[in-house]
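From first to last, the protein sequence lines are chains A and B. Numbering (the UniProt record's numbering) for the first sequence: 1 to 205. Numbering (the UniProt record's numbering) for the second sequence: 1 to 205.
It cannot be assumed that every hint is accurate.
Identical copies carry no separate label here, and so any pair may be met within one copy or between two of them.
Stated by the list, open to error - Distance condition first, Cα-Cα at most 30 angstroms in a straight line; then the derived DSS-like pairs of lysine-lysine:
| id | residue 1 | residue 2 |
| --- | --- | --- |
| 1 | Lys6 | Lys133 |
| 2 | Lys49 | Lys23 |
| 3 | Lys6 | Lys59 |
| 4 | Lys23 | Lys131 |
| 5 | Lys23 | Lys59 |
Calculated from the structure, these hints are not laboratory results.
Chain residues, written in single-letter form:
Protein chains: 2
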Amino acid sequence: MEFSSKLLERAVNEMSQLPGIGKRTALRLVLHLLGQPESQSLELADALKTLRSEINFCKKCHNISDHAICEICSNPHRTEEIICVVEDIRDVMAIENTSSFRGLYHVLGGKISPMDGIGPNDLNIESLVEKVKAGNVKELIFALGSTMEGDTTNFYIYRQIQDYDVVTSTIARGISVGNELEYTDEITLGRSIINRIPFVASLKS
Amino acid sequence: MEFSSKLLERAVNEMSQLPGIGKRTALRLVLHLLGQPESQSLELADALKTLRSEINFCKKCHNISDHAICEICSNPHRTEEIICVVEDIRDVMAIENTSSFRGLYHVLGGKISPMDGIGPNDLNIESLVEKVKAGNVKELIFALGSTMEGDTTNFYIYRQIQDYDVVTSTIARGISVGNELEYTDEITLGRSIINRIPFVASLKS
Ligand SMILES: [Zn+2]
Ligand SMILES: [Zn+2]
């Protein structure tokens, strides 16, 4: 692609580094911005810059938060005895949307995936194991998507905490195998939390 | 969609104002950026901001350019006797890519579209008519996509200049009707420039 402007080329190149955005789509998006009031581009640019430089993760659950401890973790009406283990913030949003869960979350930040070079140490696993060792957690709900990486991650965590006095469960697999949580409708997802099954039982099925 | 962070919400909302980017896609893109080095977000933000605030259009052809007169218009090897009339910069890029055209361009900035509230005065039509009236132009090639809006725009311009000594042609319709130029392969597009037909003849077909 030959550009008549270096400024345009740079914007298109940067935009096309986003996943699923090819050069043509990037050009279409950038030209759209050029047709809008200048404030729209400046707002977008500032929002991305501010988010990335001021981003903060909850010290307890690793959810994205504007405070040191997120609103969920600091809500006195929620119990810290039940922790729902999820891959990322989209899963927190999806489960919160069901209003079916009154415990806390633990955001791993991904799944163990040797193919992608992601090992246990790249994820927030140690802090989860520490929570269990501290003794206040009565139940861990594994709510990762039911992919091979999700199963591997669940099992890795399970082995770390199986000697402690904690119940482990997985959300009921009403969710079709291989599906990501965020694409599951609220009712199915809400029900799968309520009907969760012991993790050990899920290994046998 | 409920967000755990105002900064995140703002970034997703701004991103989802881009055409074809829904809230979920916007969230996916923003979370991707959060997983990349900070420099990537800052570069993207700066590229968008700089483009929008420093954008310049060629004074002659209205193409996006970093200089007052673009590289095409200032190239002494190109003839200003033939002007190819296009909708936007993507069409310039598509035609330049064919290496089949040695004249200049005139970028209208859109097509006449009453449905979208775009009239002749919203486009760079007057400056095109002025060029023809000045007497140096021997041929105008209409290279808008062959949609109803494209045909309307061609005809509107044609009426303004029909009494002047200028040949009008349209690019040969090897391009399927209703198709946009930018999605046409180089060979078809290059050939359609070479095999262009007089505009008046195209009205009868
Ligand atoms: Zn938290
Ligand atoms: Zn120019």
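Hints versus structure:
1. Lys6 / Lys133: neither (56 angstroms within a copy, 33 angstroms between copies)
2. Lys49 / Lys23: both (22 angstroms within a copy, 19 angstroms between copies)
3. Lys6 / Lys59: For Lys6 and Lys59, only the inter-copy Cα distance (17 angstroms) is at most 30 angstroms; the intra-copy one is 42 angstroms.
4. Lys23 / Lys131: Intra 45 angstroms, inter 33 angstroms, cutoff 30 angstroms: neither.
5. Lys23 / Lys59: between (38 angstroms within a copy, 27 angstroms between copies)
Violated hints for the displayed structure, listed by number in ascending order: 1, 4.
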